[in-house]
Amino acid sequence: MVIVFQSKPSLLAGGVVAGPLENRSVFSQYFDAVYDDERWQMKTNEQGHRKMIEEACEFAMKKMNIQNGDVEYLMGGDLVNQMTPTNFAARDLAIPFIGLFSACATSVSSVIIACLLTELGAANFSLAGASSQHNSIERQFRYPINYGAQKPQTAQWTVTAAGYALIGKHREEYPSIEAATIGKSIDYGMDDPFHMGAAMAPAAFQTIQAHLEQRNQKIYHYDLILTGDLGQLGLKLLKGMFVENGVKNEELTFLRDAGAEFYGQDEAFQSGASGAGCSAAVFFSYVLQQMRAGSYKRVLLVATGALLSPLSYQQGETIPCTAHAIEITMK
Amino acid sequence: MEKEQYQQLEQNVTPKPPYLKNVAKAFFVGGFICAIGQAVSLFYMIFFNFTEATAGNPTVATMVFFAMILTGLGLYKRIGQFAGAGSAVPVTGFGNAVISAAIEHRSEGVVLGVGGNLFKLAGSVVLFGVVSAFFVALIKYILVTIGVVSW
Amino acid sequence: MRLLGITLPLLAVLMLLNGCAEKEKFIVYGSPQNEGEVEALIKEEDFVDRTTVIQYDDSMLVAVQIKPWDKWKKAKLEKKLQKKFDKKYPNKDVFVSADYKIFYEANKIKKDQIEDNKLSDKITELIKLAKEET
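Chains as they are written, first to last, in the numbering used here: chain A, 1 to 331; chain B, 1 to 151; chain C, 1 to 134.
No lab work stands behind these hints, which were simulated from the structure alone.
Quick reminder that beta carbons are idealized off the backbone N, C-alpha and C, glycines included.
List of simulated lysine-lysine pairs, BS3-like, C-alpha gap at most 25 angstroms:
hint : chain 1 : residue 1 : chain 2 : residue 2
1    : B       : K140      : C       : K80
2    : C       : K80       : C       : K43
3    : C       : K128      : C       : K118
4    : C       : K25       : C       : K80
5    : C       : K84       : C       : K74
6    : C       : K131      : C       : K108
7    : C       : K25       : C       : K88
8    : A       : K218      : A       : K248
9    : C       : K88       : C       : K76
10   : B       : K3        : A       : K248
11   : B       : K140      : C       : K71
12   : B       : K3        : A       : K184
13   : A       : K151      : B       : K21
14   : C       : K87       : C       : K25
15   : C       : K111      : C       : K67
16   : C       : K128      : C       : K73
17   : C       : K71       : C       : K83
18   : A       : K218      : A       : K184
19   : C       : K74       : C       : K87
20   : C       : K80       : C       : K92
21   : C       : K131      : C       : K76
22   : C       : K92       : C       : K76
23   : C       : K76       : B       : K140
24   : C       : K74       : B       : K140
25   : C       : K79       : B       : K140
26   : C       : K25       : C       : K71
27   : C       : K25       : C       : K83
28   : B       : K140      : C       : K73
29   : C       : K83       : C       : K67
30   : C       : K87       : C       : K73
31   : A       : K43       : B       : K120
32   : C       : K73       : C       : K25
33   : B       : K16       : A       : K151
34   : A       : K151      : B       : K120
35   : C       : K43       : C       : K110
Stretches of chain C that chain B covers, calculated by requiring three or more beta carbons in the stretch to come under 8 angstroms of a beta carbon on chain B:
hint : stretch
36   : 100-110
37   : 127-133
All chains should be modelled from the sequences, with the hints used to inform the complete structure.
Structure below.
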């Protein structure tokens, strides 16, 4: 499960753009741009979604002063049917592209593939990331935006954000990826699409556990273990599982969750944020910037994804989940 | 950790929905919406030639119109989050279900988008409403025929 | 939304208090004949809350308002009263209605003191309206 990268590919830059509601995020100061219009002046939500991806990629490239033509590969995905926003963004960016779907774990799975390509010597630069746009995802998985259904406290809010990272050959002064773990698809029998944190927590637990075991590490070897979008309840469950496993309470403070922190303590968002854009936005802005500033030396990013579709839960299937992890270090 | 063990943990961590609070909220908001409906009904009786029996139709149309405006302004979903069934059960909730679907699918065109999806959520309300009305009427008809009750 | 949670129960209480204001229970307009008799007839039935009777020539419009819980059986009670009046005044053309609209209009006739020549038309109009379906 664990891949160790000998060449230690580096995360050279991150590009993160977000929608208007994300101004209320505690991480908004780290984003490259926060737009007032959730559709980016486009006619439909899906077009806005595409535009958002393009802009995130452009921000990442601009930071390293490179053009579309310099980037060898684009890896990414979103949650819309057949991932048209990402596919269409790839058309406009004109970079060789593979679309990836690991639900909200795409933000990390794409980075892993990009690292493998870099390690292989096939790429000098590649872009990897994920995105989600609230309106187009909600209609996909739940109800129309303006439908007045009551969301339970366990529900999470899909963020409008795109986060893309530029990955290149190892450079000392940039955060580098040492190892990665590709997670299994885990199903603990959870079947409530309004309680995704509970479905995803076991997947995150198993991936972290497997990574630590095979790398011969303990939680305290990390400055931060950041999961993607478990939400407040999911994070509680993850900590609960570690406690059952004999992990001491003081170690649990290293465990944080991007989704739980994304909107602060705002009750309007119930259990917190979710969506592929949530983990991507936080990983490729806040975490990268903190690492470059030297606040964190070793970080484990664990993006979690619930692999359901509206069809599957209406047919009564439980929700299998996955989690992928990358270990990032900074000299 | 085993599945059963995890489900136990999940049960402990997940907060119980505040049923009593939700019921109270639904009661008052639902009652408030119905009070507005009653006011509209009285309005039609006092200022137009509608009786209690005939004021129903224009009242329902007006309430759906109000729901349309609130839905378009994005306020109905907030009321819905607060009130739950209180705003979903009155006819305004039905209006909201139809109108939110119409707004949502406008981007796919008028015929296939709006037309095809208008009753996406409200369709089952219409279907099961008609079906259950049929059975209730059937039962009453049988009871009247054998003389248990009168119309 | 929290504000709404406080104001709604308050509003409900206010509305309840308003409803308690006392009003005249029995009104007759037009020729005052049989006034006491009709009132006694209505008083016999305890489901009737308020009544307005309009009398003109041989026709009589009895507009009643039924007490809240008895409203479930509105149609039945209306019919019962109609039968009762038909029996008591076989020579008169009596029309009983429990509809709010008819009650409201009857009160308006009293308030506006509509003259005899127009009264007949008005009553026919109201009866026609009450018989209208949907």
